[in-house]
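Quick note, the sequences are listed as chains V and E, same order. Residue 249 in the numbering used here sits at position 249 of the first sequence, and the numbers go up by one each step. Counting from 1 along the second sequence, just add 1000 to a position and that's the residue number in the numbering used here.
Derived by calculation from the structure, the hints in this document are not laboratory data. A few of these clues could be false.
What the hints assert, rightly or not - Here are the computed distance ranges between Cβ atoms for each label pair:
no.: 1; chain 1: E; residue 1: L1034; chain 2: V; residue 2: Q134; range: 37 to 43 Å
no.: 2; chain 1: V; residue 1: E95; chain 2: E; residue 2: A1035; range: 47 to 53 Å
no.: 3; chain 1: E; residue 1: L1030; chain 2: V; residue 2: E108; range: 39 to 45 Å
no.: 4; chain 1: E; residue 1: P1215; chain 2: V; residue 2: R112; range: 24 to 30 Å
no.: 5; chain 1: E; residue 1: V1157; chain 2: V; residue 2: S39; range: 51 to 57 Å
no.: 6; chain 1: E; residue 1: A1147; chain 2: V; residue 2: D55; range: 36 to 42 Å
no.: 7; chain 1: V; residue 1: P89; chain 2: E; residue 2: A1141; range: 34 to 40 Å
no.: 8; chain 1: V; residue 1: A239; chain 2: E; residue 2: L1121; range: 56 to 62 Å
no.: 9; chain 1: E; residue 1: L1030; chain 2: V; residue 2: R113; range: 56 to 62 Å
For every residue, glycine included, the Cβ atom is placed at its ideal position computed from N, Cα and C.
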Amino acid sequence: MARIRFEAVSKQYGHGPAAVRDLNLDIRDQEFLVLLGPSGCGKSTTLNMIAGLGDITHGALWFDDQIMNNVPAHRRDVAMVFQSYALYPHKSVFENIAFGLRMRRVPEAELRRRVHDAAERLEITHLLERRPSQLSGGQRQRVALGRAMVREPSVFLMDEPLSNLDASLRISMRAQIRHLHAQMRSTFVYVTHDQAEALTLADRIVVMRDGTIQQIGTPDDIYERPANVFVAGFLGSPAINLLEGELSTQAGVPCFRRGDLVVSLPAGFQGENRAVVLGLRAEDVGPPEPDGPILRGVVDTAMPAGSDQFLGVQVEGYMAFVRVAKDSRVREGEAIAFGLNPSRLHLFDKASGRSLRTGMAP
Amino acid sequence: MNTAPLIVRPLLWPRILRFCLLAAASVLLLAYLLAPVFWLVSSSVQTEREIVSIPPHWIPDQPTLQNFKAIFLTGLGYASPSANGADPTSGGFIPSVAGNLLPSMANSFIVALCVVVLNLLVGVPAAYAIAKLRFRGRNLALYVILATRVIPDIALVVPFFLVVRKLGMLDSLASLIVTYLAITVPFSVFVLVSFFEQMPDDLDRAARVDGCSRPQVLLHVFLPLARPALVAVGLFAFLASWNEFLLALMFTQTAASQTLPIIVAGITSDFTVSFSFLNAAGVLAVLPPVLLAVIFERYIVSGLTAGAVKG
Chain V
1 MARIRFEAVS
11 KQYGHGPAAV
21 RDLNLDIRDQ
31 EFLVLLGPSG
41 CGKSTTLNMI
51 AGLGDITHGA
61 LWFDDQIMNN
71 VPAHRRDVAM
81 VFQSYALYPH
91 KSVFENIAFG
101 LRMRRVPEAE
111 LRRRVHDAAE
121 RLEITHLLER
131 RPSQLSGGQR
141 QRVALGRAMV
151 REPSVFLMDE
161 PLSNLDASLR
171 ISMRAQIRHL
181 HAQMRSTFVY
191 VTHDQAEALT
201 LADRIVVMRD
211 GTIQQIGTPD
221 DIYERPANVF
231 VAGFLGSPAI
241 NLLEGELSTQ
251 AGVPCFRRGD
261 LVVSLPAGFQ
271 GENRAVVLGL
281 RAEDVGPPEP
291 DGPILRGVVD
301 TAMPAGSDQF
311 LGVQVEGYMA
321 FVRVAKDSRV
331 REGEAIAFGL
341 NPSRLHLFDK
351 ASGRSLRTGM
361 AP
Chain E
1001 MNTAPLIVRP
1011 LLWPRILRFC
1021 LLAAASVLLL
1031 AYLLAPVFWL
1041 VSSSVQTERE
1051 IVSIPPHWIP
1061 DQPTLQNFKA
1071 IFLTGLGYAS
1081 PSANGADPTS
1091 GGFIPSVAGN
1101 LLPSMANSFI
1111 VALCVVVLNL
1121 LVGVPAAYAI
1131 AKLRFRGRNL
1141 ALYVILATRV
1151 IPDIALVVPF
1161 FLVVRKLGML
1171 DSLASLIVTY
1181 LAITVPFSVF
1191 VLVSFFEQMP
1201 DDLDRAARVD
1211 GCSRPQVLLH
1221 VFLPLARPAL
1231 VAVGLFAFLA
1241 SWNEFLLALM
1251 FTQTAASQTL
1261 PIIVAGITSD
1271 FTVSFSFLNA
1281 AGVLAVLPPV
1291 LLAVIFERYI
1301 VSGLTAGAVK
1311 G
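Only chain V is shown next, with the shape it has when bound in the complex (with noise of 0.2 Å):
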């Protein structure tokens, strides 16, 4: 059982520039905390340093109550899974599996049984003969769960596990974690750039970019509430519409204007004619109603998408993407104006990219 705290740790490669910065970051017991992020914004750093297999250049990382900065990777009781699954390929599956136990001294009887147990659970007890190279990708990730489980580590640790896997299999496997973190009572520590797996997952959610923190917060917070442009980009598929333009006042309310579009914004937002980046995710348009906020287009495309329907709308020289329903006959190059619901809109500053949003931590 496992507190995770970063103080003030940064991670520099040689003389590069820092991979992380100055993070702060508090690891709940037993929580399912995701990582999230594009390729090179300092996640996996993040998670080496949790592992040990990174040196910390500057700050503090603690478990509970140690400082685990010098305590090498062999010595924490930490347990991890590749994305390349990084099998031992001379080693048989149940090899591969009892190797931690064995390297810890675990008496041969409870090795078996736990190696058993943990096979059983994976469904993978006729496979415990085999040589990895034998098994398929989905078997060698079910191995590599097995291995790091029945370590029964307090923190467990995973980089981007999922995604050498086909699309099926990884929303079963999703599944399977969850119930994994159910059962084990560890911390876990999950990388992914996959914002999907994030929302699914995650009890909270990191967003990094850069080597440093965009977010943090619940899967609900991350979505309904991101606090900057890039956290609103890279969440949601498909990706948030960002629309650029000023805000000011009309007959004191205050209004998102873009050329002749202009959409009013609940009480809250304020600044005079101040750049500002609109924020519309695809689903959330309705039905105009009479004195609420509305969204005027030309559609450009319809694209089925078996349960409804994507437009491209051309909003003031913007592609705008919504969501509608699969029965709304709409026609390529007709006028079109949607309802938006005030408090699902986002409003960014458009230099800093924070949110407007008042009582938003920046």
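Since the structure of chain V is already known, use the hints to place chain E on it.
Positioned in the frame of chain V, the structure of chain E alone reads:
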């Protein structure tokens, strides 16, 4: 209109011709390579008179094991020039060094084995460190190690000799072991570095998270995987030591420390040369390397190419 694709059947006879040419070339090459070896073995069981007969007898008429008897049963009086009653001037006799052949073979074995073992003991940790640890001067270390191999052996003979003499190691096996290590370790490190570098870093990291210290990672994960490279490196060190002549000639003076190449070369410097005996000694000299090569054949190719691909 007929749109069926036009099928051009390759003619048969060019393929037959190709096969014949390839086969002929292979046979020629094989004969070129194997004929001397065959002659070596064949003449080692011929009498001196038969060896010099024209045309040569590839298959001996009267095979004899007298040379091998002289080598292996030296204590039983076979080694004296008069033992087989032959005339020393005709060359059909057993040279006096016959008795030294087995001891020198033992010397060669001891030296080669020590060099192999020490090569692996030194080379494996060095290569692992260079391949998998991040430390300042990592590349420099590799280049310096390799640079020592740019200097030809002959240039090193005098410095080596002075060092060995100062250390009081002249005429001892230790002098050979030390100098052979200096020659073989850089190559071993280079081959092993290339091999370790090919192994995924995640394997190293996984083992460390699983509870291995660095030496344990090496022992439990990398060494079992590196077997082909270890065999290639060990074999190379063995052959280099087994065949080495120049340094052994300089550093050893008595039968107590002389190695097989020195003794065999000595046979030719006798007043008259017994070719049949020389060839018998030659057979003994090539036997151990050939046996090793046959035993480890399946490892050698993958081991050496593993080192070769990465520049």
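Hints not upheld, ascending by number: 3, 6, 7
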